[in-house]
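For the sequence shown, position 118 (counting from the first letter as 1) is numbered 118 according to the working numbering, and the numbering increases by one without interruption.
The set of hints was computed from the structure by calculation and includes no laboratory data.
Cβ atoms here follow ideal geometry from the backbone N, Cα and C, with glycine treated the same way.
The hints are all genuine.
The calculated lysine to any residue pairs, modelled on SDA-like cross-linking and capped at a C-alpha distance of 20 Å, are:
(1) Lys86 <-> Leu118
(2) Lys86 <-> His102
(3) Lys60 <-> Ala105
(4) Lys86 <-> Val76
(5) Lys86 <-> Gln44
Computed Cβ-Cβ distance ranges for the label pairs, DEER-style:
(6) Ile42 <-> Ala105: 25 to 35 Å
(7) Leu91 <-> Ser23: 36 to 46 Å
(8) Leu91 <-> Gly54: 37 to 47 Å
(9) Leu35 <-> Gly67: 17 to 27 Å
(10) Gly67 <-> Thr88: 16 to 26 Å
(11) Ser71 <-> Gln22: 33 to 43 Å
(12) Asn25 <-> Gln68: 31 to 41 Å
(13) Asn53 <-> Arg90: 36 to 46 Å
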Amino acid sequence: MLIPATIAYAYSHGSSDTIYMQSTNTQITGTLYLLYDGNPNIGQANTHNDSGNGVTVKTKIYATAGGQTISGSSRVVTGNPNAYVKSTARLPDAWGSGHTTHNTADPWDWLYIQVSDLR
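Work out the full structure, taking the sequences as your base and the hints as a guide.
Now the structure itself:
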């Protein structure tokens, strides 16, 4: 089993972390928060290219319930210097996000963040 490069867990209603992506020589910051504190049905995520080197970044967001991704909650966006996305889901247990550079050669070269304990 392959394990992602970095995982950050938050037991509040948001989290952020930074990682250096060696494959593209780019430092990125990923964030994951509930859109409205106290409402677990709307999540938002963003990836920011801290290096300012023109490399495109990618953000994915998804909600889970009972350990499974909730249908319709997954979204993926790309952008430069930011890739912002939000999503909705009914009664999630947790929100997760992935953050990377768009043209990374390694599909496991992601920063993953999870926000749980939503209620």
